[in-house]
Amino acid sequence: MPVQVVTVALLIILTVYLIRKFIKLFFDKTSFLDEKHEETIMHFANQVTKVVGLIIFLIYVLSHFFDLTKFVTGSVVVAGSLALIFQHIIRDYIMGLTYLFERQIHLGDYVIINGNRQGKIEEISMRYLKIRQYDGFLYTVSYSSITELQNGNRGKRRVNESLVLNYMQNPDMAFKVMEEVAQICNEKYVEYLLKDENGISLESFKFNEITELNVDFRGHRYSISALVNEADFVEAGKKVRYELAMAAYKSDLMISESLSTIQ
1 MPVQVVTVAL LIILTVYLIR KFIKLFFDKT SFLDEKHEET IMHFANQVTK
51 VVGLIIFLIY VLSHFFDLTK FVTGSVVVAG SLALIFQHII RDYIMGLTYL
101 FERQIHLGDY VIINGNRQGK IEEISMRYLK IRQYDGFLYT VSYSSITELQ
151 NGNRGKRRVN ESLVLNYMQN PDMAFKVMEE VAQICNEKYV EYLLKDENGI
201 SLESFKFNEI TELNVDFRGH RYSISALVNE ADFVEAGKKV RYELAMAAYK
251 SDLMISESLS TIQ
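Each residue of the sequence shown is one higher than the last, beginning at 1 in full-length UniProt numbering.
The set of hints was computed from the structure by calculation and includes no laboratory data.
Heads up, a few of these hints could be off.
Said to hold, decoys possible - For lysine to any residue, the following SDA-like pairs were computed, each having C-alpha atoms within a straight-line distance of at most 25 Å:
#, residue 1, residue 2
1, LYS50, ASN114
2, LYS130, VAL51
3, LYS195, LYS130
4, LYS188, SER204
5, LYS120, GLN150
6, LYS188, PHE207
7, LYS130, PHE233
8, LYS120, THR98
With the hints as extra help, turn the sequences into a complete structure.
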C-alpha cells in the first residue's frame, strides 16, 4: 500500500505539472486574450489544480479504509449539513469564478475594496484576493465579503480625496476653502492630469461639495476629485491630501473628532 500511495502521489504531481505546462504553452502560442488576463487565468489555474490534486489524493487514500460509494450515497444528511457549514467557502469559490470569467479583476490591478481598502492585487486565489496597500501592508479579503469593488485599471483613474468636517463647521466657509484647494491643485499639479490627444485635461481638480452627510456620526464629507494618469495616481493622491491638510490648518477648519474624544 505505501508504494501504491507514493506512486499515485507522483502521478498526481506529474499530471498537475503537465496541465499547468499545457495551459502556459497554450497562452504562449495564442493571442486572443490580453497578457494580464492570461497571467490571471494561469495563476488561478495553478490554485485550482493544486486543490483538485490534493482532493483526489485524499479520496484515494480514504478509499483504502472506507467504502466511499456507500458512504456518499448513505450520507445525504451529512452532505447537506456540510454544505450548510461550508456555504461561505462555496460562495467564495463561485464568486471567485465569476470575477475571473467576467474579467472584472486581473493581477496587478489597482482596486478599492468596500470603499476602505485600496492597493494593487498581488494574488488571486480560489477563495480570496490579496492586495498590497499603499502603506505596505498585505490585505487578504474573501470574495464573499466584497460588497463593492472599484477597479482603477478598468477605465480611467480618478483621485478622490476628502475632509470630514465637524457638524459645527460653517459650510459656506468650507466651500470657499475647498474651491481654493481645487484651484491650487490645478495650478501646481497640472502634469498629473489625464489629457486627451489635444493635450486638454479630461477632468481637472474640482470640488464636489458635500458628498456624504453624517459620516460615522462625526460630521460631513467634503471631497475633491480629478482624472489623472495611471502612473501618477499614488503621487497625485499624496499631493491633494497635503493641500487639504495645509488648507485645514491655515483656515482653522473644524475637523471632525472621534466618538471617544467627543464622549
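Hints versus structure:
With a C-alpha separation of about 29 Å, the suggested pairing of LYS50 with ASN114 is violated against the 25 Å cut-off. With a CA separation close to 18 Å, the supplied pair LYS130 and VAL51 stays within the 25 Å bound. A C-alpha spacing of about 32 Å is found between LYS195 and LYS130, which places the hinted pair above 25 Å, so the restraint is violated. Between LYS188 and SER204 the alpha-carbon distance is near 12 Å, which keeps this suggested pair within the 25 Å criterion.
With a CA separation close to 12 Å, the supplied pair LYS120 and GLN150 stays within the 25 Å bound. For the proposed pair LYS188 and PHE207, the alpha carbon gap of about 16 Å is at most 25 Å, so the pair holds. Straight-line distance between C-alpha atoms of LYS130 and PHE233 comes to about 20 Å, which keeps the hinted pair within the 25 Å bound. This hinted pair checks out: LYS120 and THR98 have alpha carbons roughly 20 Å apart, not beyond 25 Å.
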